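Now that you have both chains on their own, put them together as the hints suggest.
Chains as they are written, first to last, in our numbering: chain A, 117 to 233; chain B, 490 to 604.
Don't read these hints as lab results, they were simulated from the structure.
One thing to keep in mind: the hints can contain errors.
Claimed, not checked - With a straight-line Cα cutoff of 27 Å, these simulated DSS-like cross-link-like pairs (lysine-lysine) come out:
id, chain 1, residue 1, chain 2, residue 2
1, A, LYS119, B, LYS546
2, A, LYS154, B, LYS560
3, A, LYS186, A, LYS119
4, A, LYS119, A, LYS154
5, B, LYS546, B, LYS560
6, A, LYS132, A, LYS154
7, A, LYS154, B, LYS500
8, B, LYS500, B, LYS546
9, A, LYS154, A, LYS186
As the list claims (entries may be wrong) - If the Cβ cut is set under 7 Å, some of the chain B residues that face chain A in the computed set are:
id, residue
10, PRO532
11, TYR537
12, GLU545
Claimed, not checked - Chain A residues, not near chain B, derived (Cβ > 10 Å throughout):
id, residue
13, ASP138
14, ILE176
15, LYS186
16, GLN219
Bear in mind that the values here come from a model prediction, so they are computed numbers and not experimental data.
Even glycine gets a Cβ: it sits at the ideal position worked out from N, Cα and C.
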Amino acid sequence: AQKVTQAQTEISVVEKEDVTLDCVYETRDTTYYLFWYKQPPSGELVFLIRRNSFDEQNEISGRYSWNFQKSTSSFNFTITASQVVDSAVYFCALSEALIQGAQKLVFGQGTRLTINP
Amino acid sequence: DTGVSQDPRHKITKRGQNVTFRCDPISEHNRLYWYRQTLGQGPEFLTYFQNEAQLEKSRLLSDRFSAERPKGSFSTLEIQRTEQGDSAMYLCASSGPGTLGDTQYFGPGTRLTVL
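Chain B on its own, in the form it takes in the complex (with noise of 0.2 Å):
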């Protein structure tokens, strides 16, 4: 298996302009989770997908940021107007189907850095 990837590793964007990030998650794997990365800090949740439901969603996912999973595959994240605020780690993990628990793989993250 080939792990999560994700894509592109950097970006370097600036105040205003829109990106999109891209994650391929485990192919067996029906949960996706996408978190956000600050420096010095631990990764804090965004959002969730089973297959191709976004059930969850984090009061840290602002107006500005979308997630999408079509056919329960890849997922893109895409952040609109993009402020300085917004440069982090954003990182995609999955985890297969199972009871609570299950353990989430993380792919190598997007460093988005905003001008």
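Excised from the complex, chain A in its bound form (with noise of 0.2 Å):
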């Protein structure tokens, strides 16, 4: 079965600073997708990226990067200069086929960054 393992439960940082979330997923799948959502205070669940198995190239979108590393079963999340607007709760997700081609999702725990003025 599918697991995902988000180690770090809080982080807390000072603005400015970079931060990096990990993450390490368990499957016997070859093809198999990652994620990543964020999840402010509100609840809702904001889709931050999706990663197939055979994209190793890492990933940058603004301050947002990620590395995907397949030897060592990790997709890390780093956040560059911090933003108090980026508290929330970072959840890392891993798909498990279901029937006619569709995913559930497998969450990690997830880890709640506080971000400090």
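So this is what it looks like as structure tokens:
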């Protein structure tokens, strides 16, 4: 069965610091997808990124970057120059196939990130 | 596009009562998912619809839970004879037709409190 581990339960940093959120996953599938979602205090899960298992290129989007390393089964997320608005719970998720091409998401327990002014 | 919507946003009920939640997916999405999230945990999969067909159910979905998606549009999740352990955030997500890996977009959730 798929498993996602986010070992950091809570992280607290001062604004403008860089911060990395760790995600380690377990799967026997050769094709799979990894995701990061942000959950602000309002509760809605906001999609950030999707990465398939065949694409190990790192990705950068503004202050956000993702480092996918298949060899260590990790998909880490870095926020550069953090801002107070980045405060939220961040979830890493792994796809698990359902029938007819659909998938369910297996989530980690989340990392609560607090950015202090 | 207006995104995934859920109603109500909050529900407080007494143990033993029945509750029903509604989810309206993104209009062109044919796949709809329900998840449950308890405090301090990540969401857990409950069930999946493709159009109007319920194709997958988790073992978490006890006999007191039932979900429908008539006509392949909105979906409802009903919990009968609620228990305090049912208190959680119920999240709905939808995704478009496509190959494995299509992104799921989540609604704001319905927070259920069972007294």
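Each hint tested on the structure:
1. A:LYS119 <-> B:LYS546: 19 Å, holds
2. A:LYS154 <-> B:LYS560: Not satisfied, since the Cα-Cα distance of roughly 31 Å exceeds 27 Å.
3. A:LYS186 <-> A:LYS119: 15 Å, holds
4. A:LYS119 <-> A:LYS154: 19 Å, holds
5. B:LYS546 <-> B:LYS560: Status holds; Cα separation ~19 Å.
6. A:LYS132 <-> A:LYS154: Distance of about 19 Å is within 27 Å: holds.
7. A:LYS154 <-> B:LYS500: 24 Å, holds
8. B:LYS500 <-> B:LYS546: It holds: about 23 Å lies between the C-alpha atoms, which stays within 27 Å.
9. A:LYS154 <-> A:LYS186: Distance ~23 Å between LYS154 of chain A and LYS186 of chain A Cα, so the pair holds.
10. PRO532: 5 Å, holds
11. TYR537: 6 Å, holds
12. GLU545: 5 Å, holds
13. ASP138: 15 Å, holds
14. ILE176: With a cut-off of 10 Å, ILE176 of chain A remains clear of chain B, as the shortest Cβ separation is near 19 Å.
15. LYS186: The assertion about LYS186 of chain A holds, with a minimum of 16 Å to chain B.
16. GLN219: 6 Å, violated
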